[in-house]
Structure formats: structure tokens, C-alpha cells
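*Asks:* One letter stands for each residue in the lines below.
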Amino acid sequence: MKKIAVIGGGVAGLEVAKQLLQANIPVTLIEQSSKIGGNIKNYAYLFPDFYNAEELLNSYHYLITDPNLQLLLNTEVAKIDFSKKIYNILTKDGISIPADAIVIATGYNTFDARLKEEFGYGIYENVITSVQLEQMFKNKDIKTPSGKIPERIGFIHCVGSRDAKVGNTYCSRLCCVTAIKQAIETKKLLPSVEIFCFYIDLRMYGLLFEDLYLSAQRDYNIQFVRGRLSEASEMMDKRIQIKAEDTLIGKPLQMSADMIVLMVGMEASDFSKQFKYHNGLDVNEHGFFNPINPHNLRNLTSKDGIFLAGTAIGPMSVGETLDHARGTALSVLSFIKAN
Amino acid sequence: MEATNKQINNKIYWRDYVKDIPKNDYFFFRSCIRQTFFPGAEQMFLNILKNNLNINYKDDPNLTTCTGIGYHSDIIPLETIHTIVARHFSLMNESGYSNFVISCVTTFGVMTEALNTWHEFPETLEKTRENLYKTTGRTFEPPKAIAHASDIIYLYRNEIANQLKYRLTNQYTGEPLKVVDHVGCHYAKIFPQHGVGGAEFPKVLSEMVNAWGGEIIDYPARRHCCGFGFRQYFIKESRGYSLTHSQTKFESMEPYHPDFIITNCPGCNMFMDRWQYVIQETTGKTYSEDDNGIPVLTYEEIAALLLGYDPIEIGLFMHQTNVLPLLEKLGIDFDKEQFIAMRAESMQLQPQM
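These protein sequence lines are chains A and B, in that order.
The letter at position 256 of the first sequence is residue 256 when you use the working numbering, and the numbering goes up by one with no holes.
The letter at position 104 of the second sequence is residue 104 when you use the working numbering, and the numbering goes up by one with no holes.
Quick caveat, the hints were computed from the structure, so don't treat them as lab data.
Wrong hints could be hidden among the right ones.
[As the list claims (entries may be wrong)] Derived, one-sided and incomplete: chain B residues facing chain A with beta-carbon distance under 7 Å:
hint : residue
1    : Tyr-13
2    : Glu-200
3    : Pro-220
4    : Arg-223
5    : Pro-255
Idealized CB from N, CA, C, for every residue including glycine.
Generate coordinates for the entire structure from the input sequences, incorporating the hints supplied.
*Replies:* Encoded structure:
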């Protein structure tokens, strides 16, 4: 029986494991944290339909008891030895895991907003990230870090995306619709709050995303300002003063908000960044793994038996990630059959 | 990911960044406008180097303006300013020095920009060499290190602190003085790596204030332009923009009751000082509790004052927003009557708006 290892216990890794287990293929699933789920653990609801993220994650929990699954939590991969036909995964704890095929499903990091010092994250207490706001949705309690129920919130799009200054020139794709989803969720919890979204473009690429955008304006009175923030500063009462240019009317703008939410983009995971230097797999200029091509060989790498799944290759929604992971599982099955 | 703001509070990426600042043997480049408005400031820098820090420097009388003001007003073409910068470097080469220390933030911006342009586009360096040779017969090599004079005082802030006669303390209350720092735009906003602490929160001045016993105020318009903005000021019809920007800053800092403003740029110092006076004269509005206005001083003036240099020798009577209340707050020992007389004389000589 071929040994299959999946690195990463987020939804991509879980979906690959699920598909392989359904085909009676034993899987070793390696997860660096103490729980499965990856980034989705941080989300309350998913766009565009506000599907409960926890419910989606729970749908994978039955896998944990599958006798064909070897789940290694708190296990970090240090290196993969490609020198022999059976690959060898070396963990940081010194464990050696042999594998005929490896699926890399190491996901993404969110952008470290402290790199945009001009927005004051980590400096001013009422500047938070979209990840922190999502946690508030989970608790159903929207308060500024100062403890106030906000009357006005600014959502700042493209933080760490399309920004040469921080070295990320690509579009993270999902932050626009996430901002709109979060703005609507906020309005549902706090109907009287004023919300202003500051955007460069609104990239509503998915089916129903545009409808969500329309609904945000029509049904929730969320304001959209086309303009990038120049800076955020703290006022005496801890509110945040923001400066931007409204590029539709061509005028500078200054306003205060009780809290601003930075829509942090997706970045390559630490795992893929490290591989760039140590393991010779193809990693692109943004740090994500490169598949052989982005069209019909989107799950494969240049190394036989090494596969890619989910956001390890670039920003994707949950739905896209699961589709990609299923494709990867199919590629693994083909590999097993051929070998 | 789930870290709170409090947990990450001490992790600001640029906070610990300190550029490589040369320690001795400075080729000093003066500012043209500082010598007119606040001539004592530059002299104090040299006095502190010589008398308090025992540092060697060269003050070359053959240097000219950097033409930065003309450059930023589109009067001086790029090739011309490059050639002039090259001549200054040539004079430095001739003197045997290689650490170029600049008094003016605009000049600092001009020189770092020229060095960066030559690095990114080597053909412009060759063209500059050719232009310099054709016009003056000179050759040149860029400096090994380039620093703003405030970098030097920042570097030696603790040595200065050890020699202080006075500290930034209110003698009446014993409380630390509250200080607004204003760092010139061309110090770090063009090239963050050339500023101590980067572009957004440069600490070149704030760390001096902390070392000398003061307390820095972070207020909403901290990073707002001082109001100089070359084009806004040089075109007389646009001076309202200049004044408006300064006013924005004053209104923003006023609720924090600052005791004084510290700057490292001639333009910032000049305009924040003068526009307060203009606002006071035209509207009666002042931004301090004592109706005096908020004194605006350069870092060398503050250092010299705390080290015990005479306020008259420093030239503090030439400031338009009166420094006298600050001197009294600090408990400085000086000839008050002479200071008042010299200030009155100086104010009569000020150009009319």
C-alpha cells in the first residue's frame, strides 16, 4: 500500500484526506497546531451566503476517528528529503515520516498589518484586523478595543495587497468581498453603526458577490469611498482619525471613526517561504508554490509524487479551495494507480 | 493571529531601526536659510561637537547652496543639481573627509536622492562626472557615509544627557515638559532607511526628548506637513495653503498642551514659528494656555540650552513665537532684560506680511 502524507490540516488538507480515505487509501495528516481547521477556525461566517464556518469545519471532524487516518497534531515539518524514491518528511521533533506521495496543503498567512505603520496597527488600540473582527462575530459582541459600542467604523481594503511598499503587488482577491460581508454582519449586529469602506477597486469576481455589494449599499446603507488611506492617527479620546483621498470627487478627506478594520490580505505561508530556500520546489516571486502550470496541471509540481492543494498556490475562497483539493485527491489517486 | 493589540504592542517593525551613523570626522554642510533665520542653531551644533563631544569636523567656506529650493520649484534642472551636489562632494574629497553631515533636511533629501539616482541609474553618475569636470575641472567620489546633523545629536544623546545643566522639567511643577516633535518630510519620507526609526514614526527627535527628561506627545496631525511645502509658500497667492496646514497642526496639538515644539528642518522650524505669530497677529488666537504660543526650537537649540549655553548666544530672541516663557519654565539662568531688549529689536526688523 502506498504511503500518502498530507501536510496541513486546514480545509484543503482535510478535503484531500477525506477523498483519499473514501477511496480506502490510508493517509498521514500532519498539522503544526493543536487543532485541525487552519485559518477557517478564525472565521464565523463565509461569503457570499453567510454560511456558518464552524458547521463546515465540523463536517470534517468524523475523519479524526477514521482508522485509516494517522493524525499528527503539533507537528511541524522541518524538511522533505527528495533524494530517494520514497520521500522522507523530517519533523522539527526529529520524527521521520516516509511517503510515496506528499500533498502540500500548507495554506496561507494573513498579512502582518504592523508593516503598514501608517495605519497604526499595534500602535493605536482601536485599529484592528479583519481577523479580529471575525472573532467578535463569533462572540456576537462588537465593541472597540477601548470597550465602546462603535458608532462609526472604517473598513480599509487592500491592506498588504496591491502594495509595492510592503512587497505584495498581487491582489488577494477575497478581501473586498470579505469586507462587504463583514460590514453587513456588523450592521446586522449594530443597525445604527455608520460604516465607510475605503477601496481601490471593488473586485467582486464571484457569482453573487456583486449582489452582496449591491445589498450592502441598498439594504444596509454602507458607504463606499474610492480612495486609499494615507494615514491613521489616534485622537485624544482614542478614536481614530483617518486621512484619505476620495478619488471619485478628487478631494482629500478626513474623518474620525471609533474603530478601523484593516482588511489583511493572504500571504504565502511560512512553510512555502522556507521551501524557497531549502527544498528546491518551485516557489513564485510572491512566495506561493508554483504548480506546473495554472491551467490543467494546477495540482502538480515538477517533482513526481508531490502535489499541491488549496491556498498554498495563491489566494482562494473556501469553495475554490475545496474544489482544488478534490482535484488534487484525484491526481493522487491517478498517481497511485500508475505506480 | 489571535493576538490582541496589547500583546503585540511592542513590535513595531521600524522602531529599532538605526541607520549607520558615522561617529567622528564630519564634513559639515550648512543650510542657507537657517543661517538667515536661526543662525545660532548651526553654530550651537558645531559648539556642541567641539566643546562637549570632542568631535572633529570641517566647516568649509567654499560650499554653496545645494539649490534644493530651486530644484523643488522646478527652476533648477536635475543635471544642474547633480553637478552642484558633485562639487560639494569634490570639496569633501579635497579636504580628506568622507562623512558628509548635513544641517538642512531639504539638502539631506537632495543628496540622498542624488546618491540613490546614481546608484539606480549609473549612467547619470557618469554624466554628472562629465558635467562636473567640464564646468569646474573637478572629479569626485561620493561620501562613505551621509547623515543629517540630527542623526549625530541622536547618536550622542546620552553623552549629552550626562552633561546637562538643565533637564526638560517644569521647574514649577517638577513634571516632564510635554513636547511635540516634528521631523522634516525629506528626512525619512523619501528614503525610510536614511531616517532613524523609518518614515512613519522616526524617533530621531523623540529619543532625544526622552533622553533629556521630556515627554513626547502623539497627536493626530503629528505627521502632517508643517506648512512649508515649497510651492505653497513660494507662490504668494498660495500662501494660504501653507498657513492652513500649519494651523491644522496647531489645532490638533493644542488640546495636549505642549510646552514646545522640537524640529530638525529649517522650513518646519521657520514656518511653525512664524505662522503662529501671524495667526496671533491677524486673529488674536494662540495655541498655548498662557496665550504666548508654543515655542518652536531646533534640536541643537534645545541641546545647547540644556547644556547651559546662553539663550542669547543661541539666538533664541530671534524666534517670533516668544521663547521666554519656556526659558523660565526650564529655570534657565540668563539675562532676562537683555533677552527682552534684543527680542524687541529683532521683532522690529522682521519683514512685514
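*Asks:* For each hint, tell me whether it holds in the structure or not.
*Replies:* Each hint, compared with the structure:
1. Tyr-13: Interface hint status for Tyr-13(B): holds (6 Å vs cutoff 7 Å).
2. Glu-200: holds, 4 Å
3. Pro-220: holds, 4 Å
4. Arg-223: It holds, given that the least Cβ distance between Arg-223(B) and chain A is near 6 Å, below 7 Å.
5. Pro-255: holds, 6 Å
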